[in-house]
Amino acid sequence: MSDKTITFTIDEVEVKARPGQTIMEAADEAAIYIPRLCSLKGLSPFGACRVCTVLVNGRPQSSCTQPAAPGIVVENASERLHDIRQDIVEMLFVEGNHFCMFCEKSGNCELQAMGYRLGMMEPKYPRLWPRRELDASHPDIFIDRDRCILCARCIRASREQDGKHILGFLGRGPHKRVTPDSSDGLVQTDAAVADAAVAACPVGSLMRKRVGFGIPIGQRKYDHRPIGSDIESGAEVPDERK
Amino acid sequence: MDETLKKAVEEICQARGNDAGAMMDIVRQVQARFRGVSEEAIDLIAAQCHVPRVDVAGVVSFYAFLSTASKGQVVIRLCDDVIDRMYGAVAIAEAFSHELGIEMGQTTPDGKITLEWAPCMGLSDQAPAALVNDVPVTHLSTDKARHLIQSLRRYMDPSRLVERLGDGNNAHELVGAMVMNNVRKVGPVIFAPLGPGEAMKKALAMSPAEVIRDVKTARLRGRGGAGFPTGIKWEFTRAAAGSKKYVLCNADEGEPGTFKDRVILTEQPDLLAEGMAIAGYAIGADEGILYLRAEYAYLRRFLEQVLQRRREAGLLGKDVCGKKGFNFDIRIQMGAGAYICGEETSLISSCEGTRGDPKNRPPFPAQKGYRGCPTVVNNVETFCCAARVLEKGAGWFAQLGSPGSAGTKLLSISGDCLRPGVYEVEFGIKLTEVLRMAGGQEAQAVVVGGPSGQIVSAADFERPICYDHLATGGSLMIFGPQRDVLEIVEHFLDFFIEESCGYCTPCRVGNVLMKERVARIRSGKGELADLGYLERLGQTIKTASRCGLGQTSPNPMLSTLRKFRSAYDSRLVQQAGPFQSAFDIQAALAQAKEVQGRASVLFSGERHHR
Numbered sequence: 001m002s003d004k005t006i007t008f009t010i011d012e013v014e015v016k017a018r019p020g021q022t023i024m025e026a027a028d029e030a031a032i033y034i035p036r037l038c039s040l041k042g043l044s045p046f047g048a049c050r051v052c053t054v055l056v057n058g059r060p061q062s063s064c065t066q067p068a069a070p071g072i073v074v075e076n077a078s079e080r081l082h083d084i085r086q087d088i089v090e091m092l093f094v095e096g097n098h099f100c101m102f103c104e105k106s107g108n109c110e111l112q113a114m115g116y117r118l119g120m121m122e123p124k125y126p127r128l129w130p131r132r133e134l135d136a137s138h139p140d141i142f143i144d145r146d147r148c149i150l151c152a153r154c155i156r157a158s159r160e161q162d163g164k165h166i167l168g169f170l171g172r173g174p175h176k177r178v179t180p181d182s183s184d185g186l187v188q189t190d191a192a193v194a195d196a197a198v199a200a201c202p203v204g205s206l207m208r209k210r211v212g213f214g215i216p217i218g219q220r221k222y223d224h225r226p227i228g229s230d231i232e233s234g235a236e237v238p239d240e241r242k
Numbered sequence: 001m002d003e004t005l006k007k008a009v010e011e012i013c014q015a016r017g018n019d020a021g022a023m024m025d026i027v028r029q030v031q032a033r034f035r036g037v038s039e040e041a042i043d044l045i046a047a048q049c050h051v052p053r054v055d056v057a058g059v060v061s062f063y064a065f066l067s068t069a070s071k072g073q074v075v076i077r078l079c080d081d082v083i084d085r086m087y088g089a090v091a092i093a094e095a096f097s098h099e100l101g102i103e104m105g106q107t108t109p110d111g112k113i114t115l116e117w118a119p120c121m122g123l124s125d126q127a128p129a130a131l132v133n134d135v136p137v138t139h140l141s142t143d144k145a146r147h148l149i150q151s152l153r154r155y156m157d158p159s160r161l162v163e164r165l166g167d168g169n170n171a172h173e174l175v176g177a178m179v180m181n182n183v184r185k186v187g188p189v190i191f192a193p194l195g196p197g198e199a200m201k202k203a204l205a206m207s208p209a210e211v212i213r214d215v216k217t218a219r220l221r222g223r224g225g226a227g228f229p230t231g232i233k234w235e236f237t238r239a240a241a242g243s244k245k246y247v248l249c250n251a252d253e254g255e256p257g258t259f260k261d262r263v264i265l266t267e268q269p270d271l272l273a274e275g276m277a278i279a280g281y282a283i284g285a286d287e288g289i290l291y292l293r294a295e296y297a298y299l300r301r302f303l304e305q306v307l308q309r310r311r312e313a314g315l316l317g318k319d320v321c322g323k324k325g326f327n328f329d330i331r332i333q334m335g336a337g338a339y340i341c342g343e344e345t346s347l348i349s350s351c352e353g354t355r356g357d358p359k360n361r362p363p364f365p366a367q368k369g370y371r372g373c374p375t376v377v378n379n380v381e382t383f384c385c386a387a388r389v390l391e392k393g394a395g396w397f398a399q400l401g402s403p404g405s406a407g408t409k410l411l412s413i414s415g416d417c418l419r420p421g422v423y424e425v426e427f428g429i430k431l432t433e434v435l436r437m438a439g440g441q442e443a444q445a446v447v448v449g450g451p452s453g454q455i456v457s458a459a460d461f462e463r464p465i466c467y468d469h470l471a472t473g474g475s476l477m478i479f480g481p482q483r484d485v486l487e488i489v490e491h492f493l494d495f496f497i498e499e500s501c502g503y504c505t506p507c508r509v510g511n512v513l514m515k516e517r518v519a520r521i522r523s524g525k526g527e528l529a530d531l532g533y534l535e536r537l538g539q540t541i542k543t544a545s546r547c548g549l550g551q552t553s554p555n556p557m558l559s560t561l562r563k564f565r566s567a568y569d570s571r572l573v574q575q576a577g578p579f580q581s582a583f584d585i586q587a588a589l590a591q592a593k594e595v596q597g598r599a600s601v602l603f604s605g606e607r608h609h610r
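Chains as they are written, first to last, in the numbering used here: chain A, 1 to 242; chain B, 1 to 610.
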């Protein structure tokens, strides 16, 4: 590394970063896993899920958006942050309608895998049971908003990687939802089944039709190794897409 | 395709150069003209401005004053603030509903009148209040509500609802509002008179670096609530790379219980304009934007005239005050109803014509703000203070107030007190003294800094109002002994739920969860474990939220858990053992019972009591 290399610590381990890298990017290269949901390699940082919250010199920051800086002291794997992350993941579970036992994404779902990794049992919060609309208008893709966690990965992937804009956000607060770029369903957009946007969905919300339950139990992505283990093994910088 | 709509939308967009950056103006105009921004209009705007239609739809769905559905010719927005509720807003809502034959949130079948709730509109000292289109109507009663509807039915003219004009410039022909300033205490910084250009001329005789030095020496800190040192903010922005820079004035005064900026805009707009121009000179900007909340639209024509008068006097425009090469002008950007836009990066998003989502920081606005350029965002009152610093001197300003908090502060006082209104006090004044001035000595609780501040009890009344003790952006709501503290907390949570932008998880979901549990405790079904649950939930939301809204929304709950513990404790279910006594098995089984047509064998009432 050049003399511009930034040195800082994560949980007292020295980590190096290049100028312009975020804390999360530097951590990934150092085989330190910071849990995350809305972050996806190759997409612009978004900072919405807040699962990747770390303490930077004692101040909470989302590590996916916070630049690495010389000498900062980052706290990541502490009990306090574990509890906060678990709380956030539980919030996402109760906010939507998630039924892992019969979801096609089960075993490949990042939300479910994060729940397991963080030791979540039954959410401590009451389920909010929202009524959300399904968009099955497109011949090859459906949007099941019950399972959406509003991470905007589809929205960003469509714009930044597919060169399209098939989706966006509507409403605010608890009424915020993903909506297609048409007044009449996803079918009226140029969404295609091979879009990066479809592959970017971490949960069972933006899904290909007619391929559900295609992978047998035991061979699914998170059946044997927890989410983040690829980073921790130093094997690769993550790309959660298949 | 509706040809009238098509033509009008095209004209509106073209008048703005088909610039998506002017989206707020475009959608506001379409809304005003057609009472809504229909799906068809959204398509037309998107095509005209070359942006995805979902982005236009996203903007329309974000702001409370915009809608896809067509609203009535007249929209009545009744203020839903906690103070207004204390003063009978619910009864007034019923009177409106009864008179119109519709519920809140509905439009009369003839499409003439829409009735809605709206968050605090900056009139808490003359509650209950409503906006009828742009016209503020204050001190409502059920009788007045009925008369109001009768007048509207007959004339459909909101301006006829102004029975008598308010004081000061409220009576100005371009304002014509029944709003009262209620200035109860005049101080030396904000409400002292100022000759035209007096502060600016002194500033322009100095170098920009000297101006910044003076603002720093005066120890001026931001008046919006966060209290960041103004001089340092200006210095960062001046030092930031880029030839184009902006000065943004945050007049999106949305914190419930705050209305002092409304009074400044009404009475001291020149002082504000001087402060903005001085900031422009200091940082090297030639453009200032006054972001005016939609609720204050009735002040717009007046403010436009003030700016025009200043242009004509050479106090804005080219070579301001005769200073060669210093050009500075101010334009007004209207908001459209979103509390979050008072957050400085949301305000920038809104000015850029997008949803009012906060931005990721860094970069900070001083580095990359409006349209990617270095930008100073300050509160209305902060600019006024800065102007006065330059006029009267940094030393003069710094000796006012307390050591850590120089100068004066405008307080907007409302609630259970004899003299609600605006008070300019020196920092360091004790809360008891403020309560005495306002005639609110009976207070059980005072909300300092609005819902995002803290709720304090008598134990804190001897503490001073300043950045290091009882910090406030201006809101001070007084609650007498008859008020239910938990009701206030629950109300504030409803407010935050509605006003959260929904971007980040902890704020979007957490506020809903906090409200559920506080409501449960209020209804007498809470248990001891709920207090620990709320404490942890509140801390998670505070720690993990992305912007100031979520970082402060748990404050009312957390501060009352400490200071008004008995309000919670006294409502808890008395538990005999460790089991969940708040769990009502019969209620949980009710639906199954109805479907099956029989009671549960295991949990039938008799068995339970045997």
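Hints were generated in silico from the structure; no laboratory data involved.
Take these hints with a grain of salt, some might be off.
Unchecked claim - Computed list of chain A residues with no C-beta within reach of chain B, every gap over 10 angstroms:
hint: 1; residue: Leu118
hint: 2; residue: Lys124
hint: 3; residue: Gly168
hint: 4; residue: Arg172
hint: 5; residue: Ala194
hint: 6; residue: Glu232
What the hints assert, rightly or not - Once the Cα atoms are required to be at most 27 angstroms apart in a straight line, the calculated DSSO-like pairs of lysine-lysine come out as:
hint: 7; chain 1: A; residue 1: Lys4; chain 2: B; residue 2: Lys525
hint: 8; chain 1: B; residue 1: Lys71; chain 2: B; residue 2: Lys112
hint: 9; chain 1: A; residue 1: Lys124; chain 2: B; residue 2: Lys324
hint: 10; chain 1: B; residue 1: Lys324; chain 2: B; residue 2: Lys430
hint: 11; chain 1: B; residue 1: Lys144; chain 2: B; residue 2: Lys201
hint: 12; chain 1: B; residue 1: Lys6; chain 2: A; residue 2: Lys164
hint: 13; chain 1: B; residue 1: Lys202; chain 2: B; residue 2: Lys324
hint: 14; chain 1: B; residue 1: Lys542; chain 2: A; residue 2: Lys124
hint: 15; chain 1: A; residue 1: Lys124; chain 2: B; residue 2: Lys515
hint: 16; chain 1: A; residue 1: Lys41; chain 2: B; residue 2: Lys368
By construction, the Cβ of each residue, glycine as well, lies at the ideal position given by its N, Cα and C atoms.
Checked hints:
1. Leu118: Holds, because the least Cβ-Cβ distance between leucine 118/A and chain B comes to about 13 angstroms, which exceeds 10 angstroms.
2. Lys124: 7 angstroms, violated
3. Gly168: Violated: least Cβ distance 3 angstroms, not greater than 10 angstroms.
4. Arg172: 5 angstroms, violated
5. Ala194: 20 angstroms, holds
6. Glu232: The claim stands: glutamate 232/A keeps its Cβ more than 10 angstroms from every Cβ of chain B (closest is about 23 angstroms).
7. Lys4/A <-> Lys525/B: 60 angstroms, violated
8. Lys71/B <-> Lys112/B: At roughly 8 angstroms apart (the allowed maximum being 27 angstroms), lysine 112/B and lysine 71/B satisfy the hint.
9. Lys124/A <-> Lys324/B: It is violated: about 66 angstroms lies between the C-alpha atoms, which goes past 27 angstroms.
10. Lys324/B <-> Lys430/B: 47 angstroms, violated
11. Lys144/B <-> Lys201/B: Answer violated: lysine 144/B to lysine 201/B is near 49 angstroms, above 27 angstroms.
12. Lys6/B <-> Lys164/A: The given pair, whose Cα atoms are some 26 angstroms apart, holds under the 27 angstroms limit.
13. Lys202/B <-> Lys324/B: Between lysine 202/B and lysine 324/B the Cα gap is close to 15 angstroms, so the pair holds against 27 angstroms.
14. Lys542/B <-> Lys124/A: Satisfied, since the Cα-Cα distance of roughly 18 angstroms is no more than 27 angstroms.
15. Lys124/A <-> Lys515/B: Status holds; Cα separation ~15 angstroms.
16. Lys41/A <-> Lys368/B: Holds, at roughly 24 angstroms.
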